[in-house]
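Participant: Spelled out from the first residue to the last, the chains are:
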Amino acid sequence: MSTPTEATTPTEATDRPAPGDVAVELTYREAINAALHDAMAADDAVLLMGEDVGADGGVFKTNAGLLEAFGPERVRTTPICENGFLGVALGMSLVGLRPIVEIMFADFLPTAGDALVNQLPKYRYMSGGQTAVPVTIRSIGGATGRFGTQHSATGESWFMHLPGLRVVTASSPGSAYSLLRAAVDDDNPTLYFEHKGLYGRKGPVQRGEIAELGKAAVLRDGSDVTIVATLLMVERALAAAEQLASDGIDAAVIDLRWLRPLDLPTVRASVDKTRRLVVAEEQVHAAGWGATLVSQLTIDGVDWASAPRRVSLPDDLPIPYTPPLEDEVLPSADRIAEAARASVRG
Amino acid sequence: MSTPTEATTPTEATDRPAPGDVAVELTYREAINAALHDAMAADDAVLLMGEDVGADGGVFKTNAGLLEAFGPERVRTTPICENGFLGVALGMSLVGLRPIVEIMFADFLPTAGDALVNQLPKYRYMSGGQTAVPVTIRSIGGATGRFGTQHSATGESWFMHLPGLRVVTASSPGSAYSLLRAAVDDDNPTLYFEHKGLYGRKGPVQRGEIAELGKAAVLRDGSDVTIVATLLMVERALAAAEQLASDGIDAAVIDLRWLRPLDLPTVRASVDKTRRLVVAEEQVHAAGWGATLVSQLTIDGVDWASAPRRVSLPDDLPIPYTPPLEDEVLPSADRIAEAARASVRG
Amino acid sequence: MTEPASSPPDRLEWYQTMVRIRLFEEKVQELFMTGQIQGTTHLCQGQEAVSVGAIAAMRPGDVQTNTYRGHGEALALGMTPETAFAELMGRSAGGSGGVGGSMHLIDFSKGNIGANAIIGAGLPIAVGAAVAFQMQRKPNVALSFFGDGATNIGTFHEAMNMAAVWTAPVVFIITNNLYGEYSPLRTTTPIDDLARRADPFGFPGAIVDGQDIDAVYAATVDAVERARGGGGPTLLEMKTYRYRGHSRSDPAKYRPEGELERWKARDPIDILGQRLIAEGVIGPGDPTEIRNETQAEIDAAAERAAESPYPTLEETIPYVYAD
Amino acid sequence: MTEPASSPPDRLEWYQTMVRIRLFEEKVQELFMTGQIQGTTHLCQGQEAVSVGAIAAMRPGDVQTNTYRGHGEALALGMTPETAFAELMGRSAGGSGGVGGSMHLIDFSKGNIGANAIIGAGLPIAVGAAVAFQMQRKPNVALSFFGDGATNIGTFHEAMNMAAVWTAPVVFIITNNLYGEYSPLRTTTPIDDLARRADPFGFPGAIVDGQDIDAVYAATVDAVERARGGGGPTLLEMKTYRYRGHSRSDPAKYRPEGELERWKARDPIDILGQRLIAEGVIGPGDPTEIRNETQAEIDAAAERAAESPYPTLEETIPYVYAD
Ligand SMILES: Cc1ncc(C[n+]2csc(CCOP(=O)(O)OP(=O)(O)O)c2C)c(N)n1
Ligand SMILES: Cc1ncc(C[n+]2csc(CCOP(=O)(O)OP(=O)(O)O)c2C)c(N)n1
Ligand SMILES: [Mg+2]
Ligand SMILES: [Mg+2]
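So the protein sequences, as listed, match chains A, B, C and D. Numbered according to my numbering, the first sequence spans residues 1 to 346. Numbered according to my numbering, the second sequence spans residues 1001 to 1346. Numbered according to my numbering, the third sequence spans residues 2001 to 2323. Numbered according to my numbering, the fourth sequence spans residues 3001 to 3323.
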């Protein structure tokens, strides 16, 4: 597992990106680590809490150096009790702190179901706006790990259904950094999803950058078909677009990033051009963000040139443990490209 | 609140509807009560458990007479601990019992989040099919009660996203009865949703009838526009169809009933005729069944004559307590009719 | 917030506050009958000494969380009856602008940082506030009020455990009124004295006579000041009783005959009233006079509350997200 | 299921089973290195006496639930190493047809009704089975194995409370190996002796030397037979230690120096081995011989397991819904 690099040492934290900032090359893991360092260095009110967050850089090694830099009060190892310690974070946020809570696997989010559904999103509302709830929840989702069916959910769509929350997903080192800073900066409860299959990926990171709230990223412009993806599916969508390019198909790729608020205008602008859509999702389609996008765009009157397509997990199967089947059920670049081709054909 | 009527006394339970059975007129509450009586009388393995289920007919008076008929072991009052007692029900189901668990308000389902997301749906799968999990979960959802934001969720769409579960909703006394019997009869974990605004409604109930799994009900055929609804929205959709009829618009009304499995063929048959769809949902559209339907039908290539419409809860608002606003945010028959008219206009 | 606990307590004010809570709750029932309040409500007649006595132990900057049965705490913390009625009536002038309702009387300016409709949910919130105070090096304490039934839900255990492990300045207050909704304690709980539930966390638990406001106050001051001094959490079990059913729709037929009457014979308002008379703080006619004055205050508050308009949907949009 | 507890225990068989578990776990590590097993795994070397001793107290028809660290229980209950290896390798011949994996070695036919990857989730399941036995008037008992860290999650408290209130025939077994993932008990838990956590539920808790299989067996037989006789639940705290890190990726650098060695000096296999030699049940050379024989058995089992095919997607569809 990674060891702390220079990027994991706190630097002069800046609140806003200095225009001249030079991007550094970091892994996704290091980018998250850097965002944690910078957010904690920028504001004493920020703390990190969760199970085993401190020792040995945390379970996914995203927290390297934090315990040493900020001490055990601000890098707080909790007992195993997700609902309880998320409630604790809520309480902290009501009296001036800005906790970042690590829920180790996204599959454990339901263990904190009440805090996530009835408390964090509704707390400000039911007080008539008396308080803000600046809590960030980092959770690690996704398959590829051969962790089996209770440790492989992405989980992000469960929370789209809940007014009061924000939901954001990180697909690359650069966005992992800037989105985590944005999440911590925001005064509302924000679920921030990492993907366990991405920790080793390298990419440019603009230290100090804070992403714009609710803004999807058009990673590749295109005129024939729009592919929308999140998390691990983004790199597969980009790979699919490469394949398609060599077939003469010009695919746009959008990293949706935020599920709540949902950036319909950015997706709309693209599909107005392409009139074709493929959603590439590491989740069951029913009640997910892909269905939400297709539905809302259709309701909004997009004039599809051919029916939208989806590349999703099987409708009726939990994630299998066995490596060949785990690989088989996950949408691949090939399947995404094939869906795009079909949409262009038909 | 209702008092037990003759319908709440156990009768000769029959496993399958006798063809000659005469329908009786019952309230929604009485229909649920009758189904509980009949299911428990039919099979000693069936029990009812939950908070305060026994005394005084239970909190919503659906359980009148059960404690007296079946005793405190089979009508088991639990401590307040939704995750725990749902886990207990799971354990019971593994060794031969068929528990019916009452989760008083649908808002408390997330309190049992782990049992609902990681245990019940995956238990059979991760054992490689070694066991069935015949657990029925009754939960009471919906607004209209002036119960405020932590007691008004419908909640049914959260669970569509989860392979391994079945999810069913009851909109009338007749379906409340036959669907509850079907849920208890099934060998898989089934979430059965009641709506707290419907308990007083009267309608015909076919005692002994067991509904077909996964089958939506076409309540009204129509050629101009298809309205799909669940729970409280079904009667509003029917009222809207009446209004529309007097405007010369012929609306089909489908009570979706099952969200998992989802009866796409029935809805598809109707929209192939009407080419227009309105989903009437007491929920936020994002990541709900309405979005799932619109998306899947569009992906499947339905040739819409005009864009599908939705009548939903506000995208970004928890349910307010204050009566005028609670009424305002709920989709009304008028709003459903207006959406249907707009869809017919173009 | 009431006066700092270090100044001698004003027990006449306690008395008045208890009467205010009692009459407020009775008025709520009446307003239900006339349809001016809709939905459900959970009243606390009989439990006033717990709310008032424990809250009297708080100092400025201290906070608490309570429950759907939280009118007593809200009023004891200084929410005006008018603001509370307006909330129950769903009016703009309510503490939450009318969107919260009976189960959510909240006032951050008075240390009332939460009234929760989910069993157990208030406990970790209080622990979080307490740990925050500790990290901020503030001399403050958090209290959490909850019911006997709530001691069976996991969140109770989780909150107690974290409070202990972090020596959080928090006081857990069980308002043990012997029932969940319809279920007597013994059908859901294998022990009678819930104070015992502190033992596996290694901090003290104490049983308190919840009908005796002086006892409630003394026990809470001890616990609060111990917490403030870095001594960690305490669990206080206040033995009390609710006179009414669980909620509006509950006639409480499940209670054994005579139980209500036995508890009413130890009414917390009467106990303090008689003590104040015996001590010469008030005269024998004063209870009636206080009741009458308070009744007039309550009636007027309800009337004024009813004049507040309902909120519009626009008004409530900013309650969802902070910016 | 092992033999009825009423017949005299076959302690040589215990010894062999402990060795089998130890060598199985070591082989799993090896198969990870060679890539024949992927993902993660949670090994139980050092804890064998708990699994084998407690399960020896079960009788036919009794059931248990365990956790992601459940290989010991699975093998003690009689799953063959081949079936277990095949599951870890994701093969059709695995106990769950390869779809479960290392964290879910399950065999209903042997009373192994669950191996759970969610902390605390197995406890209420065991309570449910126990209550079902009670309702079915069956003379059976359910056991639940879980870790020290699991005693901090709410489900623990909820399960203990229900077990008590319903006098369920269930035995809760804490495998207290002193650590959660990387966190020593004391950073997450305010007390050292977790047996104390039975007190607020009014049933007994006992501390047991988890390195001494005879002690484990005796304590579990007591608890299981009390439960069977209608005496209700027991909480058993087995003091033990895991030799390896939490999971595959954990080198366990957070442990104080010498700790591992101190525990290895009280190795549960050695303790029983020496006792059996002293009692003349086996000769001084037998431990080595048993080890060698078992090693051969394990190696052969792993080889056979690797010959099983991977399941196809179709094969696994019927695992989702029962019909
Ligand atoms: C998680 C959850 N489960 C169930 C309920 C429904 N409920 C509301 S009050 C109550 C009884 C609570 O009893 P207790 O804690 O003793 O408080 P009391 O009402 O007596 O003040 C129940 C079960 C709830 N609000 N939240
Ligand atoms: C609800 C939940 N939270 C967190 C985890 C991650 N996790 C897996 S094992 C573990 C430590 C458990 O410690 P303990 O109960 O002592 O068991 P041990 O691993 O020592 O056998 C944690 C936190 C989980 N599996 N489930
Ligand atoms: Mg109570
Ligand atoms: Mg442990």
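FYI, nobody ran anything at the bench for these hints, they're computed from the structure. Everything numeric in this text was worked out from a predicted model, so none of it was measured. A few of these clues could be false.
Said to hold, decoys possible - As a list, the in silico DSS-like pairs of lysine-lysine whose alpha-carbon atoms are at most 27 Å apart:
{"no.": "1", "chain 1": "D", "residue 1": "Lys3253", "chain 2": "A", "residue 2": "Lys61"}
{"no.": "2", "chain 1": "D", "residue 1": "Lys3110", "chain 2": "D", "residue 2": "Lys3138"}
{"no.": "3", "chain 1": "D", "residue 1": "Lys3253", "chain 2": "A", "residue 2": "Lys196"}
{"no.": "4", "chain 1": "C", "residue 1": "Lys2264", "chain 2": "C", "residue 2": "Lys2253"}
{"no.": "5", "chain 1": "B", "residue 1": "Lys1196", "chain 2": "C", "residue 2": "Lys2253"}
{"no.": "6", "chain 1": "C", "residue 1": "Lys2253", "chain 2": "B", "residue 2": "Lys1061"}
{"no.": "7", "chain 1": "B", "residue 1": "Lys1196", "chain 2": "B", "residue 2": "Lys1061"}
{"no.": "8", "chain 1": "C", "residue 1": "Lys2138", "chain 2": "C", "residue 2": "Lys2110"}
{"no.": "9", "chain 1": "D", "residue 1": "Lys3253", "chain 2": "D", "residue 2": "Lys3110"}
{"no.": "10", "chain 1": "D", "residue 1": "Lys3264", "chain 2": "D", "residue 2": "Lys3027"}
{"no.": "11", "chain 1": "C", "residue 1": "Lys2110", "chain 2": "C", "residue 2": "Lys2264"}
{"no.": "12", "chain 1": "C", "residue 1": "Lys2253", "chain 2": "C", "residue 2": "Lys2027"}
Participant: Any hints this thing doesn't respect? Which numbers, in order?
Facilitator: 9 and 11
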